[in-house]
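J.: Top to bottom, those sequences are chains A and B. For the first sequence, position 58 (counting from the first letter as 1) is numbered 57 according to numbering that gives the first Met the number 0, and the numbering increases by one without interruption. For the second sequence, position 368 (counting from the first letter as 1) is numbered 367 according to numbering that gives the first Met the number 0, and the numbering increases by one without interruption.
I should point out that these hints are in silico values taken from the structure, not numbers from a laboratory. Even for Gly, the Cβ is constructed at its ideal location relative to N, Cα and C. Accuracy of the hints is not assured; some may be wrong.
[Unchecked claim] Some chain A residues flagged as far from chain B (calculated, every beta-carbon gap over 12 Å):
#, residue
1, Arg23
2, Arg27
3, Val58
4, Gly103
[Stated by the list, open to error] Estimated spans, in silico, between C-beta atoms of each pair:
#, chain 1, residue 1, chain 2, residue 2, range
5, A, Val3, B, Ser66, 52 to 58 Å
6, A, Val104, B, Arg8, 51 to 57 Å
7, A, Gln22, B, Arg8, 26 to 32 Å
8, B, Thr259, A, Asp136, 19 to 25 Å
9, A, Lys19, B, Ser280, 52 to 58 Å
10, A, Arg114, B, Ser66, 48 to 54 Å
11, A, Pro46, B, Glu163, 24 to 30 Å
12, A, Pro46, B, Ala9, 52 to 58 Å
13, B, Phe84, A, Gln80, 35 to 41 Å
14, B, Glu364, A, Pro46, 31 to 37 Å
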Amino acid sequence: MAKVQKPLPIVTPLDEPYWKFTQRHELRLQRCSRCRQFRFPASAVCPECDADAAEWIAVSGNGTLFSWVVFHKCYFPGFAQEIPYNVAMIRLDEGPMFISNVTGVDNAALRKGMRLAVYFEDVSEEFTIPKFRPGQDPGR
Amino acid sequence: MQNKIDRLRALRDATAIVGVGASPQGNFPEVDQYTLGLQAFRAALDDCGLCKQDIDGLIVQGPGNISFVRMGEMLGLDPTLGANFSIGGPATGVLIHHAAMLLASGMCNNVALIYGNSSRAEGRKFGGMTVYNPGQEYANAFFYYGLTSPGAASAFQTRMHFDEYGTTSRQLAAVAVAQRKHAMLNPLAIMRQPLGVEEHQQSRYVCEPLHLYDYCLINDGGVALIMTTADRARDLKQKPAYISGIGRQDTYRNSSMPNTTLWRDTMPKAAEMAYGMAGISRDDVDALMIYDSFSINVWISLENFGFCKPGEAGDFTQNGRIELGGELPVNTHGGHLSESYMQGWLHQVEAVRQLRGACGARQVEDARIIQYICRAHVASSIIYRN
Numbered sequence: 000m001a002k003v004q005k006p007l008p009i010v011t012p013l014d015e016p017y018w019k020f021t022q023r024h025e026l027r028l029q030r031c032s033r034c035r036q037f038r039f040p041a042s043a044v045c046p047e048c049d050a051d052a053a054e055w056i057a058v059s060g061n062g063t064l065f066s067w068v069v070f071h072k073c074y075f076p077g078f079a080q081e082i083p084y085n086v087a088m089i090r091l092d093e094g095p096m097f098i099s100n101v102t103g104v105d106n107a108a109l110r111k112g113m114r115l116a117v118y119f120e121d122v123s124e125e126f127t128i129p130k131f132r133p134g135q136d137p138g139r
Numbered sequence: 000m001q002n003k004i005d006r007l008r009a010l011r012d013a014t015a016i017v018g019v020g021a022s023p024q025g026n027f028p029e030v031d032q033y034t035l036g037l038q039a040f041r042a043a044l045d046d047c048g049l050c051k052q053d054i055d056g057l058i059v060q061g062p063g064n065i066s067f068v069r070m071g072e073m074l075g076l077d078p079t080l081g082a083n084f085s086i087g088g089p090a091t092g093v094l095i096h097h098a099a100m101l102l103a104s105g106m107c108n109n110v111a112l113i114y115g116n117s118s119r120a121e122g123r124k125f126g127g128m129t130v131y132n133p134g135q136e137y138a139n140a141f142f143y144y145g146l147t148s149p150g151a152a153s154a155f156q157t158r159m160h161f162d163e164y165g166t167t168s169r170q171l172a173a174v175a176v177a178q179r180k181h182a183m184l185n186p187l188a189i190m191r192q193p194l195g196v197e198e199h200q201q202s203r204y205v206c207e208p209l210h211l212y213d214y215c216l217i218n219d220g221g222v223a224l225i226m227t228t229a230d231r232a233r234d235l236k237q238k239p240a241y242i243s244g245i246g247r248q249d250t251y252r253n254s255s256m257p258n259t260t261l262w263r264d265t266m267p268k269a270a271e272m273a274y275g276m277a278g279i280s281r282d283d284v285d286a287l288m289i290y291d292s293f294s295i296n297v298w299i300s301l302e303n304f305g306f307c308k309p310g311e312a313g314d315f316t317q318n319g320r321i322e323l324g325g326e327l328p329v330n331t332h333g334g335h336l337s338e339s340y341m342q343g344w345l346h347q348v349e350a351v352r353q354l355r356g357a358c359g360a361r362q363v364e365d366a367r368i369i370q371y372i373c374r375a376h377v378a379s380s381i382i383y384r385n
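Work out the full structure, taking the sequences as your base and the hints as a guide.
T.: What follows is the structure, given as structure tokens:
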């Protein structure tokens, strides 16, 4: 039986560059060209300074676990094999809050503040999704 | 804010809920949401003594496909206006605010608010592809990580509360336990068997750290309210429940993400508006109706509306304080957790019935002022008095 696919990202003109970069295993976020605030998800205008212009800036992919939940109920057939799976909020070292799954660690061992690092999972021909696993302390 | 409150005071007690109605609540695969809403509407008209031709404002709401145009077609009505507001449960308080403004401004004389919900019959899970809605905020921005459902957003808030204040799931169980006790005194309630803390703790997780009994029900039903102006209200069958204060404050920043602020910065503004308009303080409130899609909503609402300080709701809700007979009864009908999930509409019905003294075994003694609170990125409150 064919593997049931997980939902794929819905690409809009605003975040098309994001998915182009992840396909190349690069994590780049949209940053305001004027006030240098990151906009995630991507936006047509800077909520802070009203500027339109933005650039796609590479970020380190390092961050700390801010909070997380664990799904015990299956809402998507494509996730059935992974129940219970976590969804985490990760504070990137550059400041923005990011959403992802944390793998390579038991859900019971997740701790607020733990260091995490990005890796890239190629889920289809078109899409590569950034995920996180335990990372190194800064400065090591 | 003060100049808004000064002007809003012209609306204090200017409008009222005069009729309430509800269909049976439960599992009704043989009917649709319109039928359930219509059953409730008939009951609400009968309750106040108006007839359908008196209705010149038709507000229709529900979690599925339900429209005021189709509802009006079924009713054979050409009202002055119809309306809805597609933001789910937080719309309830908002639509009552809007009805009050329509009545106070003179646009309408009698507004019917009809709610129909066939979520159980339709298999709605409030998560997964059933909420697929491209371009909208949090609802589906991160499906590819398996993130979905309002329950997950509340689970994040719950963990933040636990992490920041040292509160526990065992403390949170007090909310579900109190509301179950209330539901056992309510003939309309779906969940009427006893629930204890241990049973709550041993129930399965849906989205951890929230257990099954921290979640609302999903069921079918209809609710209707009839609102009119204070001068008309006095001539009708029931004692009016006056709209004494309304409060609202939105926040849209970072709304693609699960909320991380527990709405500390915005909800107190809705409280200030509602108390300022009504000219009362928290101490005057006899009971609270709190939008409880998840138990944690009750903590967040109590804290952000100033009934206790941030972080104190864990202790505050223990030892029967929020139960009937306690200092501050909350959701005396059983709420979404135990009565029925009508997205806040039955909370209004309960507020009105408490103010009429019509709640029988669950009556709050000498209830004069009841407040409704809904937390959310669209926060709302209503202060009712008799």
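J.: Are A/Val3 and B/Ser66 spaced within 52 to 58 Å by their CB atoms?
T.: 34 Å, violated
J.: Confirm or reject the statement that A/Val58 sits farther than 12 Å, beta carbon to beta carbon, from all of chain B.
T.: 16 Å, holds
J.: Does the claim that A/Gly103 lies outside the interface with chain B hold up, using a Cβ gap greater than 12 Å?
T.: 16 Å, holds
J.: Verify the CB-CB distance for A/Arg114 and B/Ser66 against the hinted window 48 to 54 Å.
T.: 51 Å, holds
J.: So the hint says 26 to 32 Å: do the beta-carbon atoms of A/Gln22 and B/Arg8 match that?
T.: 58 Å, violated
J.: Would you say the C-beta atoms of A/Pro46 and B/Glu163 sit inside 24 to 30 Å of each other?
T.: Holds - the Cβ-Cβ distance for A/Pro46 and B/Glu163, about 26 Å, lies within 24 to 30 Å.
J.: With 31 to 37 Å as the target window, see if B/Glu364 and A/Pro46 comply at their CB atoms.
T.: Once the Cβ atoms are compared, 49 Å apart, the range 31 to 37 Å for A/Pro46 and B/Glu364 is violated.
J.: If I claimed the Cβ atoms of B/Phe84 and A/Gln80 lie 35 to 41 Å apart, would that claim hold in this structure?
T.: 39 Å, holds
J.: Hint says 19 to 25 Å; check whether the CB-CB distance for B/Thr259 and A/Asp136 agrees.
T.: For B/Thr259 and A/Asp136 the Cβ distance comes to about 24 Å; the hint holds.
J.: CB of A/Pro46 to CB of B/Ala9, is that within 52 to 58 Å?
T.: Between A/Pro46 and B/Ala9, where Cβ atoms are some 35 Å apart, the hint is violated.
J.: Over 12 Å from every CB of chain B: does A/Arg23 meet that, or does the non-interface label fail?
T.: Fine: 18 Å to the nearest Cβ keeps A/Arg23 off the interface.
J.: State, for the Cβ atoms of A/Val104 and B/Arg8, whether the hinted interval 51 to 57 Å holds or is violated.
T.: With a Cβ separation near 56 Å, A/Val104 and B/Arg8 satisfy 51 to 57 Å, so the hint holds.
Comparing the model with each numbered hint stated earlier shows that hints 5, 7, 12, 14 do not hold.
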